[in-house]
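Each of the two chains sits in its own frame; use the hints to bring them together as a complex.
Top to bottom, those sequences are chains E and L. If you're matching positions, the first sequence starts at 6 in my numbering and goes up one per residue. If you're matching positions, the second sequence starts at 19 in my numbering and goes up one per residue.
I should point out that these hints are in silico values taken from the structure, not numbers from a laboratory. Do not rely on the hints blindly, as some may be mistaken.
[Unchecked claim] Simulated DEER-style distance windows between Cβ atoms:
id: 1; chain 1: E; residue 1: Ala-143; chain 2: L; residue 2: Arg-281; range: 53 to 61 Å
id: 2; chain 1: E; residue 1: Ala-143; chain 2: L; residue 2: Lys-94; range: 15 to 23 Å
id: 3; chain 1: E; residue 1: Pro-56; chain 2: L; residue 2: Leu-29; range: 27 to 35 Å
id: 4; chain 1: E; residue 1: Arg-209; chain 2: L; residue 2: Gly-82; range: 52 to 60 Å
id: 5; chain 1: E; residue 1: Pro-190; chain 2: L; residue 2: Glu-80; range: 47 to 55 Å
id: 6; chain 1: E; residue 1: Gly-192; chain 2: L; residue 2: Leu-127; range: 55 to 63 Å
id: 7; chain 1: L; residue 1: Ala-205; chain 2: E; residue 2: Ser-113; range: 30 to 38 Å
id: 8; chain 1: E; residue 1: His-138; chain 2: L; residue 2: Gly-58; range: 34 to 42 Å
id: 9; chain 1: L; residue 1: Pro-262; chain 2: E; residue 2: Gly-162; range: 55 to 63 Å
id: 10; chain 1: E; residue 1: Glu-64; chain 2: L; residue 2: Ala-204; range: 29 to 37 Å
id: 11; chain 1: L; residue 1: Gly-207; chain 2: E; residue 2: Pro-190; range: 50 to 58 Å
id: 12; chain 1: E; residue 1: Glu-120; chain 2: L; residue 2: Glu-72; range: 36 to 44 Å
id: 13; chain 1: L; residue 1: Ala-205; chain 2: E; residue 2: Pro-190; range: 49 to 57 Å
Backbone N, C-alpha and C define an ideal beta-carbon position, used for all residues, glycine too.
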Amino acid sequence: MKDDSRNAEAFQKQYGPWAVIGGASDGTGEEFARQLAAKGLNCVLVSRRRPMLEKLAGELRDESGIETRILAMDLSLAAAGRQLCTAVADLEVGLFVANAGAGIGGLSFVDGSLEQWQTAVNMNIHTPMEACHGLAEAMLERGRGGLLLMGSGVALGGQPGVAVYAASKAFSLTLAESMWAEFKPRGVDVLNVVAPLINTPKLRQGFGEDMDVSRLPAMVEPDELVRIALEQLPEGPCYIFPAGPEEGIAGEVTERRRARVEAATEIARAMFEKS
Amino acid sequence: MTNELPRIDKLYDLSGQVAIVTGAAEGMGREIARYLAAAGADVAVADINRPGAEQAAAEINEGGGRGRAYDLDQSKEDSVVDMVSAVRRDMGGLHILVNNAGIQDREVLENTSVALWDKLQAVNLRGPFLCVREAARVMRADGTRGRIINISSMGSLHPIFEGLVAYNATKAGINALTRNAAFELAADGITVNAVLPGATPTEGQARAPGPPVDEETIRHMMPPLGRAGTPGDIANAVLFFAAPGASHVTAQFLVVDGGHLNR
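Chain L extracted, bound-state conformation (with noise of 0.2 Å):
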């Protein structure tokens, strides 16, 4: 029996653990992917906004970790087959992937076309399966015992407010993937999580085309604790199911909403 404490930055280190964020040009993405790499992983900025993943990538380097950009159109299996083969290639494997790309477009149930449906289908929830699909082969055939993230929503288990019923029956989709990857990728020692943001304000969301949302409805989710969440609070969520420490973890929702489900 040793007196010594457990090393808190051990059970954290990603050293020498190459990650690949998907959507990190901007928003979360981006804050999951300076986390990842404070923690020592060489990340991948994949994006479909080329320029955007540059500039991530060159900022993640100037703080003094390793990032490089990759072209990404979630919505094309070409485009995620191409990323993860270049990936593995480029920086010799693959051990976390962070799931987060997606878009929020919004429109009330009434008024909803086939079409964004459809598309909300292919970038949200077909364009992650794709990601797990091909992470699932790479780490398999390396060996790897990965780590897969999800970035779902809160929204995905209880309504917030109107215009995201397809947005959101996406992020349920995400959910039973989760379970179900893990359930298939258990016996090869990959865990397969998700983490479901309450309201968090980023780029990407105020871009996103749809009904504003009104003064009543932002007073309506300010969350118990307070404030509204951060893309920081999401990406702490993220590197606790990446780091080392949480391997014994799998098929599970970390809900960071601010107790805003608890109410």
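Chain E on its own, in the form it takes in the complex (with noise of 0.2 Å):
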């Protein structure tokens, strides 16, 4: 019990006071709330469903006695990274979760229209790009805090079906990778979640009640995903669940992906670096 005050006190002061949570209406985004709530942290809760944040906030504040900030908005628009950024700008963010995700399973790239992709590139590239623009100078400026990603096995390697969600998690990936080596000597911490499939209702909704899951690879449940993802923030920069392809070899390929950055670091340092 004294460990795991000594643990939130430690999680607040590197993380606190506010976390702010994108797509948190349900699903992943709703446990990252739940689980960061119950570690102190007073949550802004980002959606375009007002009424289940609402809910959400209101069972947040009862349970663990947190502040909440609502904020309705559609994170796939343009120009959503920067409004969300100024509607927080007021309070001290110590992490943001980019969690919301647009995905589009299933359409070969030709069948889907590029406007259905450009909204996949806004939610998932430009939204999370602006916002950890935003949020990240305050952290540096503090020595502290979190940028969360939430990627996704596709981002290692192409995948039928699921192009533009794949290549845009691949950035969000390599993003992650390049703000830790930057961010990481100065205190701020970042983690890109490789997730495999998640066990929440988007998921089940876009399958349909008919999906064979026996052909499917092992699904996480969101809490333990949550669990493990925030196990994870403070070592970075990429975090692989063993599953799919990457199921024999999860470790091994995070352990590569980071020392590749790390050597990579010095390369740049040669490069960049005024002697």
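As structure tokens, this is what we get:
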């Protein structure tokens, strides 16, 4: 118990007092909000669906005694990241969880409209990039904080039926690794969670009721995923869940990617730093 | 059936509502902000002129209303996004947007440079478009049946005097923006209307670069009602569109020109 409170105190010191959670209305985002609230962080809940956010905010306040702010907005619209940053500019934001995502699964690249892909790019690339850019500066000034980007195993290689989604997650993964190299020495943690299939309402809705689960890789439950993600946040830059093609080699790939970032950091020093 | 008469004070009561008035540091915008504050709205005075905005907000507060100054350079997307998001954050929502900010640089057609054309488009048309876009996002997300009122110009319908080709092209754009936004936002109960002022002398207009307006033109511009318009005339029309009583009015142009176009 004592350990728990000490841990909570350390967690709040690094990532408090406010967390901003994109896509918080259900699924993984809701679970992030619940676990972060349980650790004592105040939560800004962001999503299009205000009624769901209001319900969740009420529960978090009652259960954890934290403060909440609701921000109903569509994170797939142009300049949404900027709108988000201004909406929380009066708060000391210590943690940003980029969890909102647009997954348009099962459509071949040419069958999906360009408009659909552009919306996905806004949601998965522009908005988190703008928000990280806007929120990281104050974190770096304070010398503490965290950026947690929800990624996906598809970031590690191409896959039919999810071309733009996979490419956008590759952007997110590489951006996180680069930010980690830049921010970690200055006290701000960065993690890209290379997640497997997560058992969320959105996923179930996406696949339909009659999906044959036996042909899919193992799914992880949101609470388990969030617990591991928050555990891994101080490590960074990415954590690859052992699932799908990475099932037996996730640890090795995670290590190799970190080693690559470290080696590349040395090269970057030689390239960009004046002696 | 009751014999109680309609409560006019209720039909114009904006208590608990948050309004943004752009370009409210002076002129028409300042008067519009004062009218909305007088009707009970909390008013965000948004302007590129920060000291002017502070002063206009202070005046509203001294008069017993509630005003607050915000920076706005509406030629810049970031500035518009920031302002609207900050107002929603600070004041707890957004119910009314009055797109009043604009400039009236004048030049005759053959001497109108691309630079002048682009500047007017950026400030007078792209700026209001961005304000409408951001306001619509906030109103929709909050489930607010909001009001958007754009300040156009009678010159958007009919030429009044020379030197306003580029200016009036932006104002005609405002009219199309108004009707199309009204069309898209109607399902969410958001109304979009425009007020088209006639000749209404303001500080901004007097300062605007361009050929001087000669005496003959000024005489020609005197409307049938026998006097020039005032900022209060315009503010009153804006108040009508903003008021609860106008909830069934959308996509309309209200020309406030003393009968000028009807000659």
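Here is how each hint holds up against the structure:
| no. | hint | result |
| --- | --- | --- |
| 1 | Ala-143(E) x Arg-281(L): 53 to 61 Å | 59 Å, holds |
| 2 | Ala-143(E) x Lys-94(L): 15 to 23 Å | 22 Å, holds |
| 3 | Pro-56(E) x Leu-29(L): 27 to 35 Å | 30 Å, holds |
| 4 | Arg-209(E) x Gly-82(L): 52 to 60 Å | 56 Å, holds |
| 5 | Pro-190(E) x Glu-80(L): 47 to 55 Å | 52 Å, holds |
| 6 | Gly-192(E) x Leu-127(L): 55 to 63 Å | 60 Å, holds |
| 7 | Ala-205(L) x Ser-113(E): 30 to 38 Å | 32 Å, holds |
| 8 | His-138(E) x Gly-58(L): 34 to 42 Å | 39 Å, holds |
| 9 | Pro-262(L) x Gly-162(E): 55 to 63 Å | 58 Å, holds |
| 10 | Glu-64(E) x Ala-204(L): 29 to 37 Å | 35 Å, holds |
| 11 | Gly-207(L) x Pro-190(E): 50 to 58 Å | 52 Å, holds |
| 12 | Glu-120(E) x Glu-72(L): 36 to 44 Å | 43 Å, holds |
| 13 | Ala-205(L) x Pro-190(E): 49 to 57 Å | 51 Å, holds |
Every hint from the earlier list agrees with this structure, and none is contradicted.
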